[in-house]
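Number of protein chains: 2
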Amino acid sequence: MEYKFSDRISALQPSIIREILKGTGGTDIIPFAAGNPAAESFPVNEMSQIAAELFASSPAAALQYGITEGYPVLREQTRIRMQEKYSVGNDDIDDTLIVSGGQQGIELAAKVLCNEGDTVICESPSFIGALNAFRSYNLNLKGVDLENDGMDLDKLEAILKNDSKVKLLYVISTFQNPSGVTTSLEKRKALLELADKYDFIIIEDSPYFELRYSGDYVPPIKALDKNGRVIFAGSYSKVLAPGIRMGFATAPKPIASKMTVAKQVSDVHTNQFFQMLVSEFLKKHSIDAHIDSIKNLYRVKRDRMMDAVKAYFPEEITVNRPDGGLFLWCMMPKGYDSAAFCKTLAPYKVAAVPGAAFVIDQSEISSGIRLNFSLPTLEQIDRGIASLAEAAKCFIRK
Amino acid sequence: MEYKFSDRISALQPSIIREILKGTGGTDIIPFAAGNPAAESFPVNEMSQIAAELFASSPAAALQYGITEGYPVLREQTRIRMQEKYSVGNDDIDDTLIVSGGQQGIELAAKVLCNEGDTVICESPSFIGALNAFRSYNLNLKGVDLENDGMDLDKLEAILKNDSKVKLLYVISTFQNPSGVTTSLEKRKALLELADKYDFIIIEDSPYFELRYSGDYVPPIKALDKNGRVIFAGSYSKVLAPGIRMGFATAPKPIASKMTVAKQVSDVHTNQFFQMLVSEFLKKHSIDAHIDSIKNLYRVKRDRMMDAVKAYFPEEITVNRPDGGLFLWCMMPKGYDSAAFCKTLAPYKVAAVPGAAFVIDQSEISSGIRLNFSLPTLEQIDRGIASLAEAAKCFIRK
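In order, the protein sequences belong to chains A and B. Mapping to the working numbering: the first sequence position 373 is 504, numbers consecutive. Mapping to the working numbering: the second sequence position 353 is 484, numbers consecutive.
In short, the hints are calculated from the structure, not lab data. Be aware that one or more of the hints could be misleading.
One copy or two, either will do: identical chains are not told apart, so a pair holds if it fits within one copy or between any two.
Claimed, not checked - In silico lysine-lysine, DSBU-like type, Cα no more than 35 Å apart, as pairs: (1) LYS384 x LYS135; (2) LYS441 x LYS328; (3) LYS298 x LYS135; (4) LYS286 x LYS216; (5) LYS296 x LYS415; (6) LYS357 x LYS135; (7) LYS296 x LYS474; (8) LYS216 x LYS474; (9) LYS480 x LYS135; (10) LYS135 x LYS292; (11) LYS216 x LYS384; (12) LYS135 x LYS296; (13) LYS135 x LYS320; (14) LYS414 x LYS384; (15) LYS474 x LYS384.
Make the full structure from the sequences, and use the hints.
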């Protein structure tokens, strides 16, 4: 039988990254493709103990239906921490929701704010999960080239002047995925001014901002938001564990209220047991100390991968050293198609994500390669980068 | 600041039921409003032991990112159980996905199959969570009156003849929410014939079908589906626990594939830890025996509520005895507005859901009242029904 799908979905393909992962999981392939945290960063003992306590003390609450906005204690803990530590959120105009991973915050924001055919401006390149969420509502994506300090503002304003259908600007402000770029304070302020001038909402996706290994802290755009222009999509995936699907969104109250209605028809509420577990973790342990331990782990891995890249990679490939996050972003010489390159990697027992996964216009050819350093071991980093270098020499110089 | 929301969302209100629950939770009000399972039905000891084992043996897998389609072992266990026990699903044409509660299966199906303005036919009355999911995609809902054995087929075919935009028919085939009606085998077959004749897809929502306390088993519509016309939305909420948000969808492969893409942009995957926990539960324990124990618990509660209703309710209110599920559906005399009645209940310390929550046309006045018997204790049932009867006499005879 032939099925007819909705216009919004019929052309949408699964994430290239997740397809690569399905093909390379559970094998002897060195995993530079994933965006996975290191398993040794999960606070397993603490979580295990809290889980046992929850089953003993409050199983009825932890296994029963909860409210859509989130477990009230966790909402409040999240709100207070984000507000006191990062000035994200505001008692008066903002509200914090618990969502099933940062991704859900982005998808709900798109659903409640955009009609089909509206425009979303994105950094180019950008995170495929968000791009596909926008595509799944038939939105019109327009990419703005990334410079070393964020979007090219001239190109951005050129779009804004000519497109009255811009509803959203999507930005991964700190340690951008895949480029590693952090938007400067000046450009953050400029984005807010443009949001006021051209009347759009900013989705600030910030799953990595607490994982800084070098350089100076830059406040979130949301911390500078005086007029209720910013939705902050936050995540516990990279600082606790991703498999529990736990994130949050801090948004102007009217937007948070509509996102709640949209979440209600999607998954009713986020897993109640793990909302309570994360809440107890935040009560009993220092998440800041835990994040420090993750940073110490990943800083070493980043440095090791940078060293290996310098030692092994052919000079034709350029790499920027990121100040945080999970990824190195490499560029092959202009004109080389990294998607074709990544397909040659299987015999080298290494997996990487081609830039094609992150382009806004899906017909565009990319010479970028994203390498994850959080998941592989130091030994895998050395061996994998050496293999990748061999493959690259072969591909570039053949 | 004034925000402009998408057309699909701007008129959508939160579920009346969930708003009632927010207002009546944690108090001394007798809970007939919820659709919550009894906490004593949760297999707490078994889950607690499995959780401890998972943290000890495979924390890296249980806390790490998983694949969107679901934990492969749980998918396969679910598929095999549904196929062998209920003939739901088929190796060749169907696929089974794990979703974050049965609700998500319904929402994803609507998203991938319907364009804005398409028609969804629903039973009238029907489950607000599904109705709101359809409304959240700007779909056109058309209700078909329920008879004692399912939809009025003449009225259904009258709609089908005159509306070429019907893409979906949504049916809660067994122990319908709120009416308790089970669609007869004859009508199930007729729905499939109409689906072929008028080219639409059936969403069969069946969260309660294993909770039968009397009467004869009727096979799911999906078990009769030879042509790939049916999406079965299943749930572990009522047979294990709802707070873990664990459901499944069995759908023709091309539809399941698009639903996977849509799920990927929504929550990436369902909580991995609890997917593995449910999988271990199914391996180590008999879910059939567990369901039998729930049925024994709820059968007594249903009978107790029916007895109390007969003893206390004024004769003007009619009630059908449901053969399963979680609800009694009561009708006040025609013309009485049960929404106004339910607002009088606070001093009586009892909460119920007015039929207005389940109407297709939101301007319609309903005289129905839904009463849940799974959550309250036997003592609460006696006391609550007596109070409700007092309130009803007052309201009807004043």
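Now for the hints, and whether the structure bears them out:
1. LYS384 x LYS135: between (38 Å within a copy, 13 Å between copies)
2. LYS441 x LYS328: For LYS441 and LYS328, the Cα distance exceeds 35 Å both inside one copy (44 Å) and across copies (66 Å).
3. LYS298 x LYS135: both (29 Å within a copy, 9 Å between copies)
4. LYS286 x LYS216: within (33 Å within a copy, 60 Å between copies)
5. LYS296 x LYS415: neither (47 Å within a copy, 55 Å between copies)
6. LYS357 x LYS135: Intra 45 Å, inter 18 Å, cutoff 35 Å: inter-copy only.
7. LYS296 x LYS474: neither (38 Å within a copy, 43 Å between copies)
8. LYS216 x LYS474: neither (44 Å within a copy, 43 Å between copies)
9. LYS480 x LYS135: Neither: 40 Å inside a copy, 50 Å across copies.
10. LYS135 x LYS292: between (37 Å within a copy, 20 Å between copies)
11. LYS216 x LYS384: within (21 Å within a copy, 47 Å between copies)
12. LYS135 x LYS296: both (28 Å within a copy, 12 Å between copies)
13. LYS135 x LYS320: between (45 Å within a copy, 23 Å between copies)
14. LYS414 x LYS384: within (26 Å within a copy, 45 Å between copies)
15. LYS474 x LYS384: Close across copies (27 Å), not inside one copy (46 Å); limit 35 Å.
Consistency note: the structure conflicts with the earlier hints numbered 2, 5, 7, 8, 9.
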